[in-house]
Amino acid sequence: MGGVYNNWLALDALLEDARRRDVDAVFCLGDMGGFGPHPDRVFPLLREAGVQAIQGNYDESLATGRTDCGCGYTDPRDNHYALVSYRYTWRNTSTENKAWLGSLPRHRRIELGAYRVLMCHGSPRVINEFLWESATPDGLIRNFLAENDADVILCTHTGLKWHRALPQDQHLVNVGVIGRPENDGTPRVWYTVLTAGDTLQVEFVPLAYDHEGLARAMEAERLPSEFVETIRTGWWTTCLENLPSRERQRSRF
Amino acid sequence: MKQPLTILDPLDAHDPSVPTVAFRHLAALWLQITGTWCNLECTHCLNASGPNDPWLKPLDGESARRAISEAEELGVKEIYFTGGEPFLHREILPLLAAALAVAPTTALTNGTAITEVIADQLAALASRARYSLEIRVSLDDVDPEANDRVRGEGAWAKAVQAIERLHARGLLPIVTATEISSRNGTSSIYERFRDFLAGLGIERPRVKIMPVFDLGRQAGRGTEKERLTTESLDGFDPAVLQCSDTRVVADGGVYACPILAGFEGARLSTGSLGASFRPARLYHAACVTCHRTGMSCRNA
Numbered sequence: 001m002g003g004v005y006n007n008w009l010a011l012d013a014l015l016e017d018a019r020r021r022d023v024d025a026v027f028c029l030g031d032m033g034g035f036g037p038h039p040d041r042v043f044p045l046l047r048e049a050g051v052q053a054i055q056g057n058y059d060e061s062l063a064t065g066r067t068d069c070g071c072g073y074t075d076p077r078d079n080h081y082a083l084v085s086y087r088y089t090w091r092n093t094s095t096e097n098k099a100w101l102g103s104l105p106r107h108r109r110i111e112l113g114a115y116r117v118l119m120c121h122g123s124p125r126v127i128n129e130f131l132w133e134s135a136t137p138d139g140l141i142r143n144f145l146a147e148n149d150a151d152v153i154l155c156t157h158t159g160l161k162w163h164r165a166l167p168q169d170q171h172l173v174n175v176g177v178i179g180r181p182e183n184d185g186t187p188r189v190w191y192t193v194l195t196a197g198d199t200l201q202v203e204f205v206p207l208a209y210d211h212e213g214l215a216r217a218m219e220a221e222r223l224p225s226e227f228v229e230t231i232r233t234g235w236w237t238t239c240l241e242n243l244p245s246r247e248r249q250r251s252r253f
Numbered sequence: 001m002k003q004p005l006t007i008l009d010p011l012d013a014h015d016p017s018v019p020t021v022a023f024r025h026l027a028a029l030w031l032q033i034t035g036t037w038c039n040l041e042c043t044h045c046l047n048a049s050g051p052n053d054p055w056l057k058p059l060d061g062e063s064a065r066r067a068i069s070e071a072e073e074l075g076v077k078e079i080y081f082t083g084g085e086p087f088l089h090r091e092i093l094p095l096l097a098a099a100l101a102v103a104p105t106t107a108l109t110n111g112t113a114i115t116e117v118i119a120d121q122l123a124a125l126a127s128r129a130r131y132s133l134e135i136r137v138s139l140d141d142v143d144p145e146a147n148d149r150v151r152g153e154g155a156w157a158k159a160v161q162a163i164e165r166l167h168a169r170g171l172l173p174i175v176t177a178t179e180i181s182s183r184n185g186t187s188s189i190y191e192r193f194r195d196f197l198a199g200l201g202i203e204r205p206r207v208k209i210m211p212v213f214d215l216g217r218q219a220g221r222g223t224e225k226e227r228l229t230t231e232s233l234d235g236f237d238p239a240v241l242q243c244s245d246t247r248v249v250a251d252g253g254v255y256a257c258p259i260l261a262g263f264e265g266a267r268l269s270t271g272s273l274g275a276s277f278r279p280a281r282l283y284h285a286a287c288v289t290c291h292r293t294g295m296s297c298r299n300a
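These protein sequence lines are chains A and B, in that order.
Using this note's numbering, you'd call the opening residue of the first sequence number 1 and step up by one each time.
Using this note's numbering, you'd call the opening residue of the second sequence number 1 and step up by one each time.
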């Protein structure tokens with residue numbers, strides 16, 4: 001999974017779903033905070049379930065005391081909302097949990113069957129690099145794989161899931177996020193199950209959760225109504241100016 | 001008779017004490033496809049482009065294809081076409097197609113050449129392509145008179161027509177404005193452009209604002225005498241500067257920066273793209289603006 005964004009209700013639903021599926025391990029590719037309410041509620045769930053996490057840009061910022069989330073937006077409106085979200089999360093994340101975020105590694109490597117898998121947040125080279133489906137060339141993926149001695153790269157950060165298989169059984173998988181919906185007009189969120197057999201199977205799993213409960217909690221915390229609208233409708237209302245045209249064409253706003 | 005304009009590098013272009021920026025990776029390849037050949041002659045043009053005798057010659061199609069091919073091998077992430085006015089190049093559509101086969105591609109335009117036919121062809125290109133095609137249309141003010149004082153008579157109407165033609169085909173153009181006509185006491189230039197585009201019925205307005213550089217036709221009006229020093233970079237993250245991950249192929253070689261293309265002080269290779277992967281020199285007054293504003297010529 002990627003991008004929890006303080007969404008403890010979706011995280012709880014995911015962990016229950018993963019137990020039902022009897023997966024071997026659960027990994028999180030970072031960005032525990034941002035967007036949603038009550039940041040400290042996700043940490044006990046992550047630790048109790050033994051989730052193996054890496055650091056995202058949000059986690060790095062919280063751990064190092066940066067004044068912004070380091071999300072990498074360039075648009076003034078996007079940066080305004082990103083700052084609202086970051087300041088809320090900063091105020092409401094305990095010192096202990098900030099330190100825990102600081103202890104997370106930037107990358108993880110596993111072997112899944114015969115596949116050498118590298119996990120990162122944005123890209124293998126930059127923690128907040130956006131890898132969108134319509135803006136990530138095959139040549140770049142080949143270079144990432146060669147430079148990192150990997151067959152599979154897993155990333156998140158954009159909020160949109162996708163998978164590209166290259167010849168010679170090489171893969172890049174953006175695992176999506178569970179913290180906010182996919183800008184597709186439904187409130188569901190997504191995580192990814194990888195299974196190594198003769199080939200690599202990549203299953204994107206839709207996840208229903210108590211999104212109305214989350215929306216009410218966001219309202220009670222006086223988070224921006226634009227964020228709450230996204231949780232209820234599934235359409236992004238902020239932080240979407242860096243979408244490439246192909247992904248923006250599918251967007252409502 | 002009007003004489004051609006020649007742009008010269010500052011005298012300290014080769015001063016060994018100027019700071020440098022290490023090259024990290026090739027995030028963006030820019031092709032200065034029409035050099036400084038343009039059908040407009042804007043008062044603030046970064047590279048003093050215009051219709052007469054371009055001081056930087058256009059690239060031929062074969063050089064551009066070679067650069068695209070080399071960039072693919074080197075793992076480029078995105079490709080940009082600029083000039084001058086890229087849509088004056090006779091091969092612009094096949095070259096955009098060649099770039100789109102390799103990476104997401106952006107063309108920067110003043111919009112004057114975006115006819116109904118060209119807009120149709122761009123829409124067809126975008127729908128066939130694996131990667132996103134972005135068209136950036138330059139407009140400097142939402143007010144026609146204020147815009148045309150900078151960009152020339154009739155430029156506003158043609159740019160707005162281009163925006164509407166592209167929007168009608170679902171291409172979601174990015175409207176790019178400089179701060180040249182920013183006025184104090186009104187809403188921000190960014191909000192003004194968003195409101196203006198919404199008024200045209202564009203429900204997903206995309207706006208990019210750029211600072212004005214002390215360069216080209218604006219040279220000598222701001223930071224001309226300022227230079228970056230090693231001390232001024234203390235505590236500064238050089239990864240913010242686009243010369244750390246951008247290279248520009250233009251007539252005469254490979255350069256560190258889109259707005260310094262053609263300047264010898266910014267040239268890093270006279271041959272291959274790969275040979276330009278070495279430190280770039282922050283020798284120009286324009287480097288002060290990038291350092292101060294953190295701006296990038298990229299879309300986002």
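Treat the hints as calculated values from the structure; they're not laboratory data.
Just so it is clear, CB atoms sit at the ideal spot from N, CA and C, and this is done for glycine as well.
One should not assume that every hint holds.
Here are some chain A residues pointing at chain B (derived, C-beta under 8 Å) [claimed, not checked]:
| hint | residue |
| --- | --- |
| 1 | R125 |
| 2 | S134 |
| 3 | L140 |
| 4 | G197 |
| 5 | Q201 |
| 6 | F204 |
| 7 | E241 |
| 8 | N242 |
| 9 | R246 |
| 10 | S251 |
Short derived list, chain B residues pointing at chain A, Cβ under 8 Å [said to hold, decoys possible]:
| hint | residue |
| --- | --- |
| 11 | G75 |
| 12 | P104 |
| 13 | Y131 |
| 14 | A168 |
| 15 | L172 |
| 16 | R206 |
| 17 | D234 |
So, going through the hints one by one against the coordinates:
1. A cut of 8 Å between beta carbons decides the hint on A/R125: the least distance to chain B is about 6 Å, and the hint holds.
2. For A/S134, the interface hint holds, since its Cβ comes within 8 Å of a Cβ in chain B; the closest pair sits about 4 Å apart.
3. This hint holds: A/L140 has a C-beta 5 Å from the nearest C-beta of chain B, less than the 8 Å allowed.
4. Interface restraint check: A/G197 against chain B, minimum CB-CB distance 28 Å, threshold 8 Å, status violated.
5. Look at A/Q201: its Cβ only gets to about 23 Å from chain B, farther than 8 Å, so that hint breaks.
6. A hinted interface residue such as A/F204 counts as satisfied when its beta carbon comes closer than 8 Å to some beta carbon of chain B; here the least separation is about 20 Å, so the hint is violated.
7. Proximity of A/E241 to chain B holds as hinted, the smallest CB-CB distance being about 7 Å (cut-off 8 Å).
8. The closest approach between the C-beta of A/N242 and any C-beta of chain B is roughly 4 Å, which is under the 8 Å cut-off, so the hint is satisfied.
9. With a least beta-carbon distance of about 4 Å to chain B, the hint placing A/R246 at the interface is held under the 8 Å criterion.
10. With a cut of 8 Å, the hint placing A/S251 at the interface with chain B holds, because the nearest CB-to-CB distance is about 7 Å.
11. For B/G75, the interface hint holds, since its Cβ comes within 8 Å of a Cβ in chain A; the closest pair sits about 3 Å apart.
12. Annotation: interface hint on B/P104 holds; nearest CB of chain A at approximately 4 Å, less than 8 Å.
13. With 8 Å as the threshold, the beta carbon of B/Y131 comes within range of chain A, its nearest partner Cβ sitting at about 5 Å, so the hint holds.
14. Hint status for B/A168 relative to chain A: violated, with the closest Cβ pair at about 13 Å, above 8 Å.
15. The beta carbon of B/L172 comes within 5 Å of a beta carbon in chain A, closer than 8 Å, and the hint placing it at the interface holds.
16. With a cut of 8 Å, the hint placing B/R206 at the interface with chain A holds, because the nearest CB-to-CB distance is about 7 Å.
17. The closest approach between the C-beta of B/D234 and any C-beta of chain A is roughly 19 Å, which is over the 8 Å cut-off, so the hint fails.
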